[in-house]
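Chemist: Modelling step: build the complete structure from the supplied sequences, incorporating the hints.
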Amino acid sequence: MELKKFFPLLILSIVLLCSCRPSNPLVLHPEKKVAAQVFEPIPADFIPRKITILSAGDSLTQGVGDSTDQGGYLPYLKSMLENDKGIQEVDFYNFGVKGNRTTQLLKRLKTQEIKPIIKSADMVILTIGGNDIMKIVKENISNLQVSDFLEEKESYRKHLTQIFNEIITENPNVSIVLVGVYNPFSKYFSDIKEMDQIVAEWNQAGQSVVNQYSNSYFVSIEDLFINAKEDILYTDNFHPNNKGYELIAHRLNETLDEQVLPNLVKKAYTVSTEEN
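First residue of the sequence shown? That's 39 in our numbering, and the numbers climb one at a time after it.
Rather than coming from a laboratory, the hints here were simulated on the basis of the structure. Backbone N, C-alpha and C define an ideal beta-carbon position, used for all residues, glycine too. Since no wrong hints were added, every one of them can be taken at face value.
Only pairs whose alpha carbons sit at most 27 Å apart, straight line, appear in this in silico DSSO-like list of lysine-lysine:
id : residue 1 : residue 2
1  : K145      : K191
2  : K136      : K173
3  : K136      : K191
4  : K116      : K157
Label pairs and their calculated CB-CB ranges:
id : residue 1 : residue 2 : range
5  : L188      : I264      : 18 to 28 Å
6  : E127      : K231      : 41 to 51 Å
7  : N178      : K231      : 16 to 26 Å
8  : K123      : H288      : 14 to 24 Å
9  : L188      : E127      : 42 to 52 Å
10 : N211      : T149      : 18 to 28 Å
11 : K267      : Q183      : 29 to 39 Å
12 : S252      : E177      : 30 to 40 Å
Modeler: Next up, the structure:
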């Protein structure tokens with residue numbers, strides 16, 4: 039089925055956005071199904087620890103649309119995490135670059151600028167995939183079809199797996215968090231179900247990669263934009279605005295608080311007691 043007959047205005051907006059080479063966040067779907075875990079309370083003698091988080095990916099990590107120019111969701115998440123009684127301080131390293139695709143991120147993860155930080159990081163948060171989809175749009179814009187995206191989905195899965203393997207090779211104990219993509223066009227093109235189909239398929243591919251690794255997590259954010267009661271997009275109607283990034287930070291914090299941090303705190307406490 040040809041997509042071009044459904045949304046000439048959508049294609050025009052994509053062309054304008056591509057000329058600025060932003061990365062685009064897209065749709066998301068089911069979260070990784072994690073068995074319920076029961077964590078013991080943090081011991082009274084536990085000293086809050088400092089954690090290091092490396093954030094890498096595209097414009098969603100860089101913070102395009104953030105009027106404060108402080109890194110999108112990062113300052114919000116940092117504040118939330120430092121309110122956790124098991125955390126004393128959070129060091130964030132932001133390696134987001136607008137326009138980055140999976141292949142470009144993989145190359146950057148292998149550089150001497152990033153590799154040492156991966157080695158010392160407790161957690162890596164990734165936003166990637168939107169620009170892989172945009173590349174397909176640009177290359178097939180005169181005859182855009184659903185099959186073009188579905189065929190490239192396996193390349194995305196392969197590259198994402200390589201990214202995870204590169205991170206784990208450098209640091210086998212690190213936790214990896216993949217943020218799902220969302221559909222920025224749903225506000226003005228809600229009747230175009232083909233785009234929802236495309237991003238749903240790609241998010242399922244991302245989820246399947248996450249499911250291969252024990253210390254990895256998938257965070258869904260699509261519903262934040264579909265059910266928004268206020269404007270949470272930047273003036274380009276594509277990237278999140280300040281409020282959008284704050285909502286993403288809240289969603290990330292929920293997952294980290296429930297699934298990731300208890301393991302980090304438990305691990306740190308075990309190490310500290312063994313050393314003493």
